[in-house]
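Read top to bottom, the protein sequences are chains A and B.
Per numbering that gives the first Met the number 0, residue 0 is the first one in the first sequence, and the count goes up by one each step.
Per numbering that gives the first Met the number 0, residue 0 is the first one in the second sequence, and the count goes up by one each step.
A few of these clues could be false.
[As the list claims (entries may be wrong)] Restraint-style ranges between C-beta atoms, simulated for each label pair:
hint	chain 1	residue 1	chain 2	residue 2	range
1	B	323	A	10	38 to 44 angstroms
2	A	30	B	103	24 to 30 angstroms
3	A	30	B	14	42 to 48 angstroms
4	A	14	B	141	55 to 61 angstroms
5	A	135	B	12	55 to 61 angstroms
6	B	237	A	31	48 to 54 angstroms
7	A	61	B	12	55 to 61 angstroms
8	B	231	A	10	20 to 26 angstroms
9	B	177	A	165	42 to 48 angstroms
[Said to hold, decoys possible] So these bits of chain B aren't anywhere near chain A, every CB distance computed over 12 angstroms:
hint	residue
10	93
11	107
12	138
13	335
To be clear, the hints were calculated from the coordinates, so they are not data collected in a lab.
Each residue gets a CB set at the ideal place from its N, CA and C atoms; glycine is no exception.
Each chain is listed here by its residues.
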Amino acid sequence: MSAEVPRPIRRARQITGLILLLTSTLVVAGSIGWGYRSTPRPTVVGPLGTAAPGANAQMPGGFIGHWRGEVSQTGYGIWVADIELQGGTTNSVVGSGTYPILECSGTLTLLRVEPGSIDVMVTMTQRGAGATCLTRHFATLEPARDGSLVYRESEDSAIDFHGVLVRQP
Amino acid sequence: MLYYLIVVLVGAYLILLALQLSFIFLAPIAVVAGVAVAGFLVLVEFVSASSAVFAGSAPIDEIHVRPSDDPRSRRYHAYRSYFFGPVLYDCASAVRMATHRSWDKLFATSAVVDPRAAFLRRERGSLMQQVIGLWGSCRSRPGKLLASGGIVGGAVGLVLGAAAAAAFTALISVIFSAVLVVVVAVAIVSALVLRAIETVSLRTRGITLECPACHQRQSRPSYVCAHCPPHQPTLHRDLRPGSLGVLRRVCRCGSTLPTLLLSGKWKLEARCQHEECNSVLPVKAQTTKTFHVPVVAGTAAGKTVFMMAATATMETRARSATNDLTFEFADLAAKEQYVSARKALEKASFGQINPTLPSIALRAYTVYVGAAGARRRLLYLYDSAGERYERGSALAGSSFLKLTQGVVFIVDPFALDSVRRLADAQALRGVTASDVAPEDVFSRFGQGLRESLQAQPDHRLGIPVSVVITKADALLRSGGVPHPYEQWGDAPEPESDRQARAAAARRWLVDVGGQRGLVSLVENTFSRCNYFVVSALDAFSVTVRRGVRGGRGVSNDDPSAPVRWLLDHSDGHT
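Work the whole structure out from these sequences, hints included.
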């Protein structure tokens, strides 16, 4: 018998090859899509404080509490931050802050939650007579290995500062 | 002592430094390179193996599609359907091939012959062998120390890359296999459904097929492949959707055949499914209902001439552009018989039309007639030799009788004693008269039919019968015998008044032919009877003829009228 493959069977195999190509394409596309969807995406809030669609992240419990410490600001000096954090979701007020040296106090609004840190917007609501603080500033809070909380400027901030806050009883 | 201690410490420091350099800098680079190379190679082998199998021209011996060499096998005449299972063999084959090739190129411990190096037959090891072989190729110890990180990293990279790529290709293979399993399942279900649809469709439309030669009903006719060489014809005995093909099947000659009537199976040459017969079946079989009509008469009564005249009339009527009647020969033998008889009909030399001989096996004369569409019928006319009706025992083996849906009973007027007494001697010399009494013939036929249909003796048969008085032209030439329609003359009785004509013909049979017994017998055997008077001279058009008795002209019945009446008055049962 001839070893030649009849044309209909060749065509059937080619159709099967196309099915394989299609399956492979779908698997590759599916993998890329799955990888894209499973990548953690930061909860972004717009510059005016408008939450991005679907942004509704909770503040991690480890941040909740009373924190106090010195903060060094480039070009200015050292001031003290005394903040009280409660629970809440992005785009809501999650705590209050007092800055004795600056003679200001205000509220902290949660802007975004990322693995290992949160970004807050500090809005001064009370200013003393000799107050030198800005109306608001943006800060990133991230826990350090020793249990303290690093308080530094966030990417949105116009000033550079860095400090370590210690949990208060 | 101190000197040696310093040398040992410096040596140890240098070794550690070399190892640190090798494992911190070279190893990660080697891991990345190994992952990339192994992953790429596995993917390339997967694509390459899949292309080799599914490009179409890979050998098919392993997928069991070839026709069997055993003539008793169902798979003797055709290839197995690719989507009825063999596709899964191909899938497994592609995966196996990719795995073997990848393993050989990456991890095989024996030397691999590169088949592409046809002239050199260059032997080379697997990538893992080549990576490990780097250790041996470093002659100096410092070189070995420096290379150790790269070698270990490369080996780890190869394993990791191969594992990752294998996992990815395994995922694709599993999904692809699942898709193919669904495809195979769909093919199997489709075949069963399509097979059932065709069977049910034929049953609900009342379409059957019977062999014109052995007269057996065909549940599944065989089909001849139109592309096989004539000296090696391939007969497909069960050409239906199934494991040899859902919509089409591949003949062992490599050409495709449709498996459904809807997709053109009816265009193929069909053969009787009974191996001992194997006769050619009517063309375009199973496209319309069949209708079986024995044409019954004694020897020389004019059955064959009547049949040819009726065929000529039906053909002429269908060829005229004023109606939607169709006419088509369903059998080459029928066409050849008609072509030969047509010349005799045109010359009115009916003696040249060959009579049916009792020594020849009866093959039905098959034509497609009737209005186009659902009313079209495949007409089987059984022109059995008159001798068969002269002995009752000869009818016992006439299996076509059980298919009977209508009967044409021919009465030769010159076979009747009373007519022969009245007819001129000259007229009698001019005709070939049957010497068998019609009543005897009908009596035997009726008995044989009842037995074949297993009908009760005291019940009339529900199938119609046309009683046809033939040789009407000879009646006009015989001065002593009146023509049945003589009373009306030329213009007279339109052909459409069938009832009046039937009554006249019946009256003639009783009063002139002295056949009261025959008429009673016919009417007691069949519940629906009609009477006709025909002449083969009217084969192409019915014309008014004048007899020697003078008076006005007479027009006979259209020779096809008895058959058309049967077609119109049958309930289609068998």
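Hint-by-hint comparison with the structure:
Take residue 323 of chain B and residue 10 of chain A: their Cβ atoms lie about 41 angstroms apart, and the range 38 to 44 angstroms holds. Roughly 27 angstroms separates the CB atoms of residue 30 of chain A and residue 103 of chain B, a value that falls within the hinted 24 to 30 angstroms. Between residue 30 of chain A and residue 14 of chain B, the C-beta spacing of about 44 angstroms keeps the proposed range 42 to 48 angstroms intact. Take residue 14 of chain A and residue 141 of chain B: their Cβ atoms lie about 60 angstroms apart, and the range 55 to 61 angstroms holds.
Range check, residue 135 of chain A to residue 12 of chain B: Cβ separation about 57 angstroms, and the 55 to 61 angstroms hint holds. For the hinted restraint 48 to 54 angstroms between residue 237 of chain B and residue 31 of chain A, the CB-CB distance of approximately 49 angstroms keeps it satisfied. Between residue 61 of chain A and residue 12 of chain B the beta carbons are some 45 angstroms apart, a value that contradicts the proposed interval 55 to 61 angstroms. A beta carbon spacing of about 25 angstroms between residue 231 of chain B and residue 10 of chain A agrees with the range 20 to 26 angstroms that was offered as a hint.
As the Cβ distance of residue 177 of chain B to residue 165 of chain A is approximately 58 angstroms, the hint placing it in 42 to 48 angstroms is violated. Not every beta carbon of chain A lies more than 12 angstroms from that of residue 93 of chain B, the smallest distance being close to 8 angstroms; the non-interface claim is violated. No beta-carbon of chain A is positioned within 12 angstroms of the beta-carbon of residue 107 of chain B; the least distance is around 26 angstroms. Listed as a non-interface residue, residue 138 of chain B keeps its Cβ farther than 12 angstroms from every Cβ of chain A; the least gap is roughly 45 angstroms.
With a closest Cβ-Cβ approach of about 37 angstroms to chain A, residue 335 of chain B is found to remain outside the 12 angstroms limit, as its non-interface label requires.
The structure fails to meet hints 7, 9, 10 from the earlier list, while all remaining hints are met.
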